[in-house]
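Participant: Please arrange chain B on chain A, whose structure you already have, making use of the hints.
Residues per chain are reported as follows:
There are 2 protein chains.
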Amino acid sequence: GAAPAIVHAQANIRWRLASSFPKSLDTIYGAAEVMAKKVGEMTGGKFQISVHAAGELMPAFGVLDGASNATVEMAHTAPYYFFGKDPTYALDCAIPFGLNSRQMSAWMFEGNGLKLTREFYAASGIVNFPMGNTGAQMGGWFRKEIKSLADMKGLKMRIGGFGGKVLERIGAVPQNIPGGEIYQALEKGTIDAAEWVGPYDDLKLGFNKVAPNYYYPGWWEGGPQLSLYVNKKAYDGLSAEYKAIIEAASAYAHVEMQARYDARNPAALKTLVGQGTKLFRFPKDVMEGSFKAAMEVYTELNQSNPAWKKIYEDYAAFRRDANLWFRFTEAGFDDFMQSQKL
Amino acid sequence: GAAPAIVHAQANIRWRLASSFPKSLDTIYGAAEVMAKKVGEMTGGKFQISVHAAGELMPAFGVLDGASNATVEMAHTAPYYFFGKDPTYALDCAIPFGLNSRQMSAWMFEGNGLKLTREFYAASGIVNFPMGNTGAQMGGWFRKEIKSLADMKGLKMRIGGFGGKVLERIGAVPQNIPGGEIYQALEKGTIDAAEWVGPYDDLKLGFNKVAPNYYYPGWWEGGPQLSLYVNKKAYDGLSAEYKAIIEAASAYAHVEMQARYDARNPAALKTLVGQGTKLFRFPKDVMEGSFKAAMEVYTELNQSNPAWKKIYEDYAAFRRDANLWFRFTEAGFDDFMQSQKL
Numbered sequence: 250g251a252a253p254a255i256v257h258a259q260a261n262i263r264w265r266l267a268s269s270f271p272k273s274l275d276t277i278y279g280a281a282e283v284m285a286k287k288v289g290e291m292t293g294g295k296f297q298i299s300v301h302a303a304g305e306l307m308p309a310f311g312v313l314d315g316a317s318n319a320t321v322e323m324a325h326t327a328p329y330y331f332f333g334k335d336p337t338y339a340l341d342c343a344i345p346f347g348l349n350s351r352q353m354s355a356w357m358f359e360g361n362g363l364k365l366t367r368e369f370y371a372a373s374g375i376v377n378f379p380m381g382n383t384g385a386q387m388g389g390w391f392r393k394e395i396k397s398l399a400d401m402k403g404l405k406m407r408i409g410g411f412g413g414k415v416l417e418r419i420g421a422v423p424q425n426i427p428g429g430e431i432y433q434a435l436e437k438g439t440i441d442a443a444e445w446v447g448p449y450d451d452l453k454l455g456f457n458k459v460a461p462n463y464y465y466p467g468w469w470e471g472g473p474q475l476s477l478y479v480n481k482k483a484y485d486g487l488s489a490e491y492k493a494i495i496e497a498a499s500a501y502a503h504v505e506m507q508a509r510y511d512a513r514n515p516a517a518l519k520t521l522v523g524q525g526t527k528l529f530r531f532p533k534d535v536m537e538g539s540f541k542a543a544m545e546v547y548t549e550l551n552q553s554n555p556a557w558k559k560i561y562e563d564y565a566a567f568r569r570d571a572n573l574w575f576r577f578t579e580a581g582f583d584d585f586m587q588s589q590k591l
Numbered sequence: 250g251a252a253p254a255i256v257h258a259q260a261n262i263r264w265r266l267a268s269s270f271p272k273s274l275d276t277i278y279g280a281a282e283v284m285a286k287k288v289g290e291m292t293g294g295k296f297q298i299s300v301h302a303a304g305e306l307m308p309a310f311g312v313l314d315g316a317s318n319a320t321v322e323m324a325h326t327a328p329y330y331f332f333g334k335d336p337t338y339a340l341d342c343a344i345p346f347g348l349n350s351r352q353m354s355a356w357m358f359e360g361n362g363l364k365l366t367r368e369f370y371a372a373s374g375i376v377n378f379p380m381g382n383t384g385a386q387m388g389g390w391f392r393k394e395i396k397s398l399a400d401m402k403g404l405k406m407r408i409g410g411f412g413g414k415v416l417e418r419i420g421a422v423p424q425n426i427p428g429g430e431i432y433q434a435l436e437k438g439t440i441d442a443a444e445w446v447g448p449y450d451d452l453k454l455g456f457n458k459v460a461p462n463y464y465y466p467g468w469w470e471g472g473p474q475l476s477l478y479v480n481k482k483a484y485d486g487l488s489a490e491y492k493a494i495i496e497a498a499s500a501y502a503h504v505e506m507q508a509r510y511d512a513r514n515p516a517a518l519k520t521l522v523g524q525g526t527k528l529f530r531f532p533k534d535v536m537e538g539s540f541k542a543a544m545e546v547y548t549e550l551n552q553s554n555p556a557w558k559k560i561y562e563d564y565a566a567f568r569r570d571a572n573l574w575f576r577f578t579e580a581g582f583d584d585f586m587q588s589q590k591l
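Heads up: the sequence lines are chains A and B, in that order. If you read the first sequence in our numbering, its first letter stands for residue 250, the second for the next number, and so on. If you read the second sequence in our numbering, its first letter stands for residue 250, the second for the next number, and so on.
Keep in mind the hints are simulated off the structure, nothing from the lab. No residue lacks a Cβ here, since even glycine has one placed at the ideal position from N, Cα and C. One or more hints might be untrue.
Stated by the list, open to error - When the alpha-carbon atoms are kept at most 27 Å apart in a straight line, the in silico BS3-like pairs for lysine-lysine are as follows:
1. LYS533(A) to LYS559(B)
2. LYS295(B) to LYS286(A)
3. LYS590(A) to LYS402(B)
4. LYS590(B) to LYS541(A)
5. LYS527(A) to LYS402(A)
6. LYS393(B) to LYS590(A)
7. LYS590(B) to LYS558(A)
8. LYS482(A) to LYS286(B)
9. LYS286(B) to LYS481(A)
10. LYS286(A) to LYS481(B)
Unchecked claim - Facing chain B, a subset of chain A residues (Cβ under 10 Å, in silico):
11. GLN433
12. LEU452
13. LYS453
14. PHE582
15. ASP584
The shape of chain A in the complex, shown without the other chains:
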């Protein structure tokens, strides 16, 4: 890139960020804008980052390579998109029956998550920062009700990320369809079901009009974290001040994105239910069969993929302890509040 080897603390810099998301996903896409704006404010406009939607500079799934080879200095993405390259990427985002949002932040910021994922990304010349979480996503829209695990057999379902690997194992047929084409596929019956994000994002795409059955929980995305990628050479060329500014600005956007989802989903859910959406919890055997399938996938990966194994073992130990703790006072408080007339 054009940046000198070591940037003066207050040098003027212009960087580009390639997002994997369209502008219409204002929550997720917006996190990159929030970060860029904060960096600009903190530096009196000297460090400017322009944010580019998917397709503008490169395709949605091209941003890993783009940040790796310094076509752009930064990218914002959901790392599980790259599970085909290596499933280890998903551990920096979400795996089926993984950590929830708070647990993921705890693992990243206070557990070994950030350290281990950074070691993994070093080979790609990328420095990663947690930047946003959607919270637990919904399980998606189904044209027909799902009564048992048997109903998942042969079911053609649009699903993003690593979850498809587990869906396959319970007999479903995962489909990789871009957001903009899901509605038509669901309407025509080319697919039987589709997951996207949650009420706020789903409502905008109108899935409820063509598939009235809305399932939860999205067990393949209990707390998907978005990641800011910074090209390592570009990062190393920054002053210590600018490095710290990126770290703090991404943490600000991290809080802000989860807050946007948590603040906007409730009203959207009410609108959806008002329009006739039927909410269902996945049947017990669907959850249990999927959990079993997921654990089998992880056992196999532990045997075949050393990079995965190194990170997953730490992740899994953290998940076990976190759920042991969260089941008491967090769950006890939430459970009580959720059953009150407020």
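Facilitator: Just chain B now, kept in the frame of chain A:
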């Protein structure tokens, strides 16, 4: 030209922060240190904030006045400490049966929380920033088991903050005892019960040795948020860059503090249980009786305190919607994960 602007934006400043907490509470006290360190890094050491423990510059509960009258430029506190002055402060921290940690952040960052609390603090000449959350606290240590609401009658319990107002109403006798004196009071039987924070902080004080029954959930603190106070005149005198740097640094510390609790509580809980601590959920009638008492307190405050009413009505609406939403996919995911062998 650019030169004078740079000088202004990058002026050397030394500020002092008075914490309401002792250094031994490394999680909470540590949040102020994390923020100060990040501000230093972002400014190349030009903006330095020294962090002072409770008692060093002023007493723990003197920090509101200290930041208000500019004895210090900053304070870090749990605003419900000031409920005696005005219960409205508690809405910037925790009220019984209030928002959980994620909901509180959502209300602050994306709801009307930050806007409304800032209006309230304006009269004191303070600008507030969310800076840390402990997550749902435990319900505390009891010398004897609590079998029903009747067992709360006459119970002398150490409790911090606004929760005492509700405990009184169900017949308990709240006691205001500093952290360092709780152990002895519990041991001697001067008090029957004491709440502090959660496993990580409680273990250090050794309460399990003198009161083996550990209750959850801490319904008076489902997601207590800590607050950074900045003296408004000092804040207004800062460059736009420094203002943004405080905002981002406090958000970084906000994420980091919750992560510390979430990462450290599990091991401490295991140690406590290994040492014989017995975990109990509060009986249903204790929860329901306390909930009813809390709602009565809020109704009365709505009638007597316009500042409270203005903020509480917004808070309560947010709480209702947030719990409606969280009960589906978040609770469904957590509930399933917590019941698996991980």
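Participant: Does each hint fit the structure? Answer for all of them.
Facilitator: Hint-by-hint comparison with the structure:
1. LYS533(A) to LYS559(B): 44 Å, violated
2. LYS295(B) to LYS286(A): 22 Å, holds
3. LYS590(A) to LYS402(B): Given pair LYS590(A), LYS402(B) holds - Cα atoms ~26 Å apart, limit 27 Å.
4. LYS590(B) to LYS541(A): The given pair, whose Cα atoms are some 11 Å apart, holds under the 27 Å limit.
5. LYS527(A) to LYS402(A): The given pair, whose Cα atoms are some 22 Å apart, holds under the 27 Å limit.
6. LYS393(B) to LYS590(A): It is violated: about 31 Å lies between the C-alpha atoms, which goes past 27 Å.
7. LYS590(B) to LYS558(A): 19 Å, holds
8. LYS482(A) to LYS286(B): With Cα atoms ~25 Å apart, LYS482(A) and LYS286(B) stay inside 27 Å; holds.
9. LYS286(B) to LYS481(A): With Cα atoms ~23 Å apart, LYS286(B) and LYS481(A) stay inside 27 Å; holds.
10. LYS286(A) to LYS481(B): Since the Cα atoms of LYS286(A) and LYS481(B) sit roughly 23 Å apart, the hinted pair holds (cutoff 27 Å).
11. GLN433: 26 Å, violated
12. LEU452: With a minimum Cβ separation of about 13 Å from chain B (threshold 10 Å), the hint on LEU452(A) is violated.
13. LYS453: 17 Å, violated
14. PHE582: 4 Å, holds
15. ASP584: 7 Å, holds
Hints 1, 6, 11, 12 and 13 from the list above are not met by this structure, while the remaining hints are.
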